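Engineer: All chains should be modelled from the sequences, with the hints used to inform the complete structure.
Here is what each chain is made of, one letter per residue.
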Amino acid sequence: MVLLTVVVALKKATRNRAECVARERRRRFSASLASGAGDEAELAALVADVTSSRLAQDVLLGVLAHEWLDVRLRDRHRFQDALRRGGLVDELVRRLAAADPADRGRAALLLGHLRLPEAVAPLEPLLDDADGDVRHAAVRAVGLVATEDAAWALVRALQRGSLPPERILEHVSQRWAVDALLAAYHIVEFAHVRAVLAEALGLAGDPRAGAALAGILPFGSEEERVRCCRALGRAADPAMAPLVAAALQDDAWPVRAQAARALGAMRADDRATVGRLAAGLSDPAWWVRANCAEALLAAGSDGRAALEAALASDDRFARERAREALELERVRDEVRAA
Amino acid sequence: MTRSALEVFNAFMLGYFFLLNAVYTLLVVLGWRGIKDYVKRRGMIDYKTIAGSELTTPISIIVPAYDEEPVIVESVRAMLRAQYPRLEVVVVNDGSRDGTLQALIDAYSLIAVERVPRAKLPTWPVRQVYVSAIEPDLLVIDKENGGKADSINAGLCFARYPLFCTVDSDTLIDDDALVRLVRPFQVHPETVACGGVVRIVNGSTLEGAHVAEVQTPRNPLVNIQIVEYLRAFLAGRVGWSRIGALLIISGAFGLFRRQTVIDAGGYDATTVGEDAELVVRLHRHCRERGEDYRVVFVADPVCWTEAPSSVRVLARQRNRWHRGLIETLWRHRRMIGRRRYGAIGMFAMPYFVVFEALGPLIELAGYVAFGVAIGFGWVSTTVALAFIGLAFLYGLLLSFGALLIEEHAFRRYRSWRCMLRLALAAVVENIGYRQLSTLVRARAFLTMTSRRKKREWGEMQRRGYAQAAAPASKPTADEPLRRAA
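In order, the protein sequences belong to chains A and B. Heads up: the first sequence at position 120 corresponds to 120 in our numbering, and the numbers run straight through without jumps. Position in the second sequence counted from 1, then plus 1000, gives you our numbering.
It is possible that some hints are incorrect.
As the list claims (entries may be wrong) - With a Cα cut of at most 35 Å, we get these calculated DSBU-like pairs of lysine-lysine:
| id | chain 1 | residue 1 | chain 2 | residue 2 |
| --- | --- | --- | --- | --- |
| 1 | B | 1048 | A | 12 |
| 2 | A | 12 | B | 1036 |
| 3 | B | 1040 | A | 12 |
| 4 | B | 1036 | B | 1048 |
| 5 | A | 11 | B | 1048 |
Unchecked claim - Simulated DEER-style distance windows between Cβ atoms:
| id | chain 1 | residue 1 | chain 2 | residue 2 | range |
| --- | --- | --- | --- | --- | --- |
| 6 | B | 1263 | A | 45 | 51 to 61 Å |
| 7 | B | 1040 | A | 27 | 20 to 30 Å |
| 8 | A | 3 | B | 1386 | 11 to 21 Å |
| 9 | B | 1389 | A | 34 | 54 to 64 Å |
| 10 | B | 1162 | A | 335 | 28 to 38 Å |
| 11 | B | 1117 | A | 337 | 29 to 39 Å |
| 12 | A | 27 | B | 1386 | 53 to 63 Å |
| 13 | B | 1117 | A | 335 | 25 to 35 Å |
Keep in mind that the hints were calculated from the coordinates and are not lab data. Treat the numbers as computed from the prediction; the structure is a model and nothing was measured. Even for Gly, the Cβ is constructed at its ideal location relative to N, Cα and C.
Structural biologist: Right, here's the structure in full:
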């Protein structure tokens, strides 16, 4: 028993020491980053440490993740150049083909966090890696590089279906990728992922997305129309309200439900839209009725008036939805007043 | 004749002992390798994106509640504030006799609404559904009393998100636990269930609903349970998960794919161990349909629960767990030894039948036979002592193995004092506790045959934490018995 206790105690002591070492590393790496890698000796020490120790790689990843954007652009470029000179970049690229998935993933993330434009080409094959964690690390790394090449790499990954689309959307739905998203949108080879591209455009919040989304909404598949409405709701551009309001007449209830929700997000309060939302209180689908009621509440006084008018409707469902929405609003007003 | 029969039985016991410990060793080795692999990969996992992305798969947290008036409001508040991009909290008031529902109505400005359930599972009648005027992510269902499993099924019918987890109202979840628990579903969309670690909060210090500092208590009974939990979760479950044979996901903390659970029939309200039974049924459901699926365990996401600090309550808890295990194995006995059910049918279930379910009976018989053999001098004292010493030492090895894994990968118990307490508990566990546990679990067979079936929540006497999670009144030892962990 004494021996076993000693073993556990030694482990504890070793881990305590490792934590001290990690703290010291963090301090050194942080200083190197801030100074653009410092002198040649410091650079060589950093490269040697990161190359030989997985723990050092984790520490460097942590430092880059938290501090990269706080460092001046000039110092970031100096740091990148220093690491290229010191051979770390070449070593990381070489490790993208390592046998151990943990090594591949770490190398990918380090290249991504260093925002090295030349890393996109060697990273792209990892988007199809056999290991799920490596694929996810690669998609994050490419997203961090944030160049047009990176955008195309992610769009191609969407096309191949190597990851769930949402995982790629999380990284490609940015302003820097909009040009590539728009261009891909019109290419035949990407036709089967147009819906996802549309959603990415909506998430990116770029004003140019509206025109692209407006093109899909009347003509796309059901999934595309749902994603379009969702994207337009996120963009919350009131100019798109008439287009989305027209989708309240769609044959598919998920599209109508998303359209109502999007109109709520836009706080659309023009007369025609309010009229359509009021009509939606009698929709056969529960979620459409519920979302229309919420959208009318968001539409201000005109929407509220429509709800109050619906209390006298012949349609039981419309009366019920209106009652619930108004009751909720009344209680919210009471709570606010209190 | 008697002597030869006893010798045969003792030989069987020796074989049983070695086989059992061989399996334990394999599990610890698999668990160690699983944890090592997890530690290696930890640096490349991006929890930040998951925590901040509106595209992260949303979760419904289903909270069955029965007579929880002192704690329900704060528990719900803590869950609504969980660090997760999109979630809803579905509280199911299971016919509470106290003011649980009224407390929620008052605190969250609930209004009664009509809601059409999104799924159909048989449950006791739902009386009313409420939404909150101030918390759009809160839904409260008031229903007639039907037990915990029945309540969760009712919650499932009204939950709207593709994943759900069930959390006891007095369980504390780590801030990033849901983010860590959802990751397997996002990396491998075929995942249908994922379990996390349940840790014991006794002795730790809380700040609000968060565990600020992890400590061990002075109570040796609780420390023994801490070691037990570490062994079970960090070695056992990691090991089983690694070979795709995870049979149990803790009812206190697990994440499931809602539609798969509904398709499999929801929770079984007629069994005591509804959490274990569900996981086995999910395996069966998916395998019988030839679906590609995963049931996994992740060692990192943590929830905290209070362990029994008295022998009486502990015995009741373990009795209930063992009855649940026996019922589950019996209900799904056709899976045992059948290749169609993969590692579950070929390894996990036979193991649980022979070494877990029947284990207490065999061990008790072994103690008796061994005692008789020693008493009649049919076994030499030296041999007897050597065997007892070997069993003791091996038990220590397994426990210390779990402590090593904990120290290597997680280091939740930072102080040397905690480590020493746990080391001592690992020793003391083998002297009395293990034997008591065997007795209690063996008694479960008797309890099963004599106990009336009723819609039960079980019983747990809460002693409270160092700082309670802001209940209206601090629980005391005289408080009426409440439901079990």
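Engineer: For each hint, tell me whether it holds in the structure or not.
Structural biologist: Cross-check of the supplied hints:
1. Distance hint between residue 1048 of chain B and residue 12 of chain A is fulfilled; the C-alpha atoms sit about 29 Å from each other, no more than 35 Å.
2. Proximity of residue 12 of chain A to residue 1036 of chain B is assessed by CA-CA distance (about 16 Å); at most 35 Å being required, the pair is judged to hold.
3. Straight-line distance between C-alpha atoms of residue 1040 of chain B and residue 12 of chain A comes to about 18 Å, which keeps the hinted pair within the 35 Å bound.
4. A distance of roughly 22 Å separates the Cα atoms of residue 1036 of chain B and residue 1048 of chain B; the hinted pair therefore holds under the 35 Å criterion.
5. Among the hinted pairs, residue 11 of chain A with residue 1048 of chain B is consistent with the structure: their alpha-carbon atoms are about 30 Å apart, no more than 35 Å.
6. Between residue 1263 of chain B and residue 45 of chain A the beta carbon distance is about 58 Å. The supplied range of 51 to 61 Å therefore holds.
7. Against the hinted window of 20 to 30 Å, the Cβ-Cβ separation of residue 1040 of chain B and residue 27 of chain A comes to about 24 Å, which satisfies the hint.
8. Range check, residue 3 of chain A to residue 1386 of chain B: about 19 Å between beta-carbon atoms, so the 11 to 21 Å window is met.
9. The hinted range of 54 to 64 Å is satisfied by residue 1389 of chain B and residue 34 of chain A, whose Cβ atoms lie roughly 60 Å apart.
10. The beta-carbon spacing between residue 1162 of chain B and residue 335 of chain A, approximately 31 Å, falls within the hinted interval of 28 to 38 Å.
11. The hinted window of 29 to 39 Å between residue 1117 of chain B and residue 337 of chain A holds, with their beta carbons roughly 34 Å apart.
12. Distance hint check: the CB atoms of residue 27 of chain A and residue 1386 of chain B are about 54 Å apart, consistent with the given range 53 to 63 Å.
13. At about 28 Å, the CB distance of residue 1117 of chain B to residue 335 of chain A agrees with the hint of 25 to 35 Å.
No hint from the list above goes unmet by this structure.
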